[in-house]
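Student: Position one of the sequence shown corresponds to residue 55 (the numbering used here), numbered consecutively onward.
Keep in mind that a hint or two might mislead.
Ranges of calculated distance between the beta carbons of each label pair, as one might list FRET restraints [what the hints assert, rightly or not]:
(1) Ser-109 / Pro-89: 36 to 44 Å
(2) Thr-108 / Arg-194: 36 to 44 Å
(3) Val-147 / Asp-123: 37 to 45 Å
(4) Trp-130 / Val-210: 42 to 50 Å
(5) Val-210 / His-134: 22 to 30 Å
(6) Arg-194 / Gln-170: 18 to 26 Å
(7) Arg-127 / Asp-107: 30 to 38 Å
(8) Gly-156 / Asn-176: 14 to 22 Å
(9) Ala-152 / Asp-94: 16 to 24 Å
(10) Ser-139 / Val-210: 20 to 28 Å
(11) Trp-130 / Asn-176: 22 to 30 Å
Don't read these hints as lab results, they were simulated from the structure.
The beta-carbon is built from N, C-alpha and C at its ideal position, and this holds for glycine as well.
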Amino acid sequence: MPASIKSLLLVISILVLGLAGCTSDSVFESYSEIPNARWDYNNRASFDIAIKDTSIKYNVYVNVRHSNDYAYRNLWVYMHTTYPSGKKLQTRVDLPLADKLGKWFGKGMSDIITTQVMIQQNALLPEKGDYHFEIEQHMRENPLPKIMDVGMRVEVAK
Numbered sequence: 055m056p057a058s059i060k061s062l063l064l065v066i067s068i069l070v071l072g073l074a075g076c077t078s079d080s081v082f083e084s085y086s087e088i089p090n091a092r093w094d095y096n097n098r099a100s101f102d103i104a105i106k107d108t109s110i111k112y113n114v115y116v117n118v119r120h121s122n123d124y125a126y127r128n129l130w131v132y133m134h135t136t137y138p139s140g141k142k143l144q145t146r147v148d149l150p151l152a153d154k155l156g157k158w159f160g161k162g163m164s165d166i167i168t169t170q171v172m173i174q175q176n177a178l179l180p181e182k183g184d185y186h187f188e189i190e191q192h193m194r195e196n197p198l199p200k201i202m203d204v205g206m207r208v209e210v211a212k
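Construct the complete structure from the given sequences, taking the supplied hints into account.
Tutor: And the structure:
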């Protein structure tokens with residue numbers, strides 16, 4: 055085999071091994087579809103997340119997919135959290151989606167915009183086990199049009 059082909063194969067092998075060694079810090083990521091892109095107060099997006107390591111810190115995000123025609127610059131939600139022990143917590147969260155001029159913070163394809171908003175940085179999840187999260191829209195308009203999907207992402211903080 056010529057030296058140039060051997061060199062090329064070596065470079066390709068190094069790249070493949072390097073990419074295989076990359077791991078995601080994501081512990082969980084999932085979306086819940088909003089029927090007919092009209093989010094009703096009673097339709098909570100729910101997620102169950104298993105936490106095995108309570109000694110590390112996590113970043114928690116809410117992901118929102120909406121139409122380019124969504125009428126607001128933000129989205130108010132209630133985050134309902136149920137700990138493995140049964141303890142419950144409710145927090146009202148403002149999710150900014152656009153700047154003051156209306157430019158979306160998220161990325162889009164066609165007329166669908168996806169925005170990821172960090173709601174907790176370096177969070178400690180103190181109980182080992184399954185956490186149950188529910189996201190409830192809390193805007194004045196009900197049902198809220200042009201919201202297609204709502205999701206959560208939990209990752210190991212760096």
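Student: For a quick check of understanding: which of the numbered hints are violated here, in increasing order?
Tutor: 3, 4 and 8
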